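Residue numbers (the numbering used here), protein chains in the order written: chain A, 1376 to 1629; chain B, 11 to 125.
Don't read these hints as lab results, they were simulated from the structure.
Small disclaimer: the values here were computed from a predicted structure and weren't measured.
Cβ coordinates follow ideal geometry from the N, Cα and C atoms, glycine included.
Please note: incorrect hints may appear among the correct ones.
As the list claims (entries may be wrong) - The following residues of chain A were derived to be distant from chain B, with all beta-carbon distances above 10 Å:
hint	residue
1	L1457
2	A1458
3	T1506
4	G1565
5	W1566
6	R1571
7	P1615
8	A1618
9	P1623
Said to hold, decoys possible - Listed next, the stretches of chain B that the computed footprint assigns to chain A, with coverage defined by at least 3 CB atoms under 8 Å from CB atoms of chain A:
hint	region
10	39-45
11	50-59
12	64-77
13	81-93
14	97-107
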Amino acid sequence: MATGGGYQPQWFSAIGQNYQTGMGYGETVTRAVLGSNPLTGVGMASYDLTSSALRGDWGGVAEGAGGLVGGFAAAKYGQRYLAPEPGAELGFYRQRVSVDVVDPNGMAATLPGGHGANFISAEPIHLGGRTLNRVFDTIDPTANGAKANGGYWSEKVYTDEPTWRMGVAVPKSADWNRGTLQAEWQPTGGWGWGGRAAPQVLGQPYSFTNQKLGFGIGWIQRGGDYQVFVPNSYKPTVIPPSAITVSPTPWSKQ
Amino acid sequence: MKRDPRYAPWLVIADELEGLHSFLYGPDGYLADRSDRPYRPTLLEAAQWIRRKCATGWWYWWDEGWLGGAAMDPLRSLNHVIGDGGGFYEASEAGREIIARIESLQARIDAASRR
Chain A
1376 MATGGGYQPQ
1386 WFSAIGQNYQ
1396 TGMGYGETVT
1406 RAVLGSNPLT
1416 GVGMASYDLT
1426 SSALRGDWGG
1436 VAEGAGGLVG
1446 GFAAAKYGQR
1456 YLAPEPGAEL
1466 GFYRQRVSVD
1476 VVDPNGMAAT
1486 LPGGHGANFI
1496 SAEPIHLGGR
1506 TLNRVFDTID
1516 PTANGAKANG
1526 GYWSEKVYTD
1536 EPTWRMGVAV
1546 PKSADWNRGT
1556 LQAEWQPTGG
1566 WGWGGRAAPQ
1576 VLGQPYSFTN
1586 QKLGFGIGWI
1596 QRGGDYQVFV
1606 PNSYKPTVIP
1616 PSAITVSPTP
1626 WSKQ
Chain B
11 MKRDPRYAPW
21 LVIADELEGL
31 HSFLYGPDGY
41 LADRSDRPYR
51 PTLLEAAQWI
61 RRKCATGWWY
71 WWDEGWLGGA
81 AMDPLRSLNH
91 VIGDGGGFYE
101 ASEAGREIIA
111 RIESLQARID
121 AASRR
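This is chain A alone, in the form it adopts within the complex (with noise of 0.2 Å):
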């Protein structure tokens, strides 16, 4: 069992569902508080939609229907101007304490408690055979910032800017990574740790966390995506530069 505060996302449940059927970005709160809105809500809106129809009233579904529709765009374009930063979602979180994994090889130790706290669960996986992506913004190794052979990878490749942000959780504001490169490598062997990756959040003012009662509200970047971990990934052995392929990222280049 590895300890150390990961992240467990406890969303409204309106705003589940509604990322669920496939909303995109920027969509999700202010829809999702529409939606739980008797006044606004797709409840009272399909009600009356329902009865115009019995009445034979095509004029008042139409109406109703364009109202619906309009509210969704008015939500949509609000969510979107209020979002401090692309990719942002604003919600309750809750904390996770522990995160309990299987942990056959007695690999917990490599998995300390400030990188425990990045996943919302973790177990260990064996690297050989997958495709591992990560973005990052340096080649330069003197500089500071995200490098090719950091720790964290996906198996996904990102095609643009706030999925990536929203999926494994990194806030434009912290300024950790400008997500300018990416890269791909293939490992033939090692271990690792794989799980859905933790909520960050963006700090005050934008959102609170309570320890003690483990939740937290504000805006956050999501997260949730598959993320891979690996120990000491700045050991040329575990990472050998020469098996890493760089590129820009394909919001970088437009």
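Put chain B on the given structure of chain A with help from the hints.
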């Protein structure tokens, strides 16, 4: 003004957060070249917020849970920075000291916020 003795350990933690901020971004700091754009949430802002709550806050609302969250958030961010740094921090004595100080602060905050 409300002065609650339960805030006392948090003033010490605020001092340590500020000390780590100076160690990182001070004139001779390890990340002095980033002093104009420190990694966020910043240690300094967290320390100032905690001090403000210790001076004027009401424990009923602003208890160890919120103070611990404010103190821990910048450390989590820094841990991600170090993990993504490709050995930048592990390569030097000062970098390793930063890692040790973060771990020590995390343990202290964790203990203080679970009282």
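To see whether the hints hold, each was checked on the structure:
1. Interface exclusion of A:L1457 from chain B stands, the closest Cβ pair being 19 Å apart, more than 10 Å.
2. For A:A1458, the requirement that its beta carbon stay farther than 10 Å from each beta carbon of chain B is met, with the minimum near 16 Å.
3. The claim that A:T1506 is not at the interface with chain B holds, since no C-beta of that chain comes within 10 Å of its own (minimum 19 Å).
4. Once the 10 Å rule is applied to beta carbons, A:G1565 is consistent with being away from chain B; the minimum gap is 16 Å.
5. In this structure A:W1566 is separated from chain B by more than 10 Å, as the shortest Cβ-Cβ distance comes to about 16 Å.
6. Distance to chain B confirms A:R1571 as a non-interface residue, since its nearest Cβ pair spans about 15 Å, more than 10 Å.
7. With a closest Cβ-Cβ approach of about 13 Å to chain B, A:P1615 is found to remain outside the 10 Å limit, as its non-interface label requires.
8. No Cβ of chain B approaches the Cβ of A:A1618 within 10 Å, the least distance being about 14 Å, so the stated non-interface status holds.
9. For A:P1623, the requirement that its beta carbon stay farther than 10 Å from each beta carbon of chain B is met, with the minimum near 18 Å.
10. Given as covered by chain A, the region 39-45 of chain B passes the check, having 3 residues with a CB less than 8 Å from a CB of that chain where 3 are the minimum.
11. Only residues whose beta carbon comes within less than 8 Å of a beta carbon in chain A count, and the region 50-59 of chain B has 6; three or more means the coverage holds.
12. Closer than 8 Å: that is the beta-carbon criterion, and the region 64-77 of chain B has 5 residues meeting it against chain A, so the requirement of 3 holds.
13. Here the region 81-93 of chain B counts 12 residues with a CB under 8 Å from a CB of chain A, which clears the bar of 3, and the coverage holds.
14. Check on the region 97-107 of chain B: 4 of its residues sit with their Cβ under 8 Å from a Cβ of chain A, so the three-residue criterion for coverage holds.
Of the numbered hints listed earlier, not one is contradicted by the structure.
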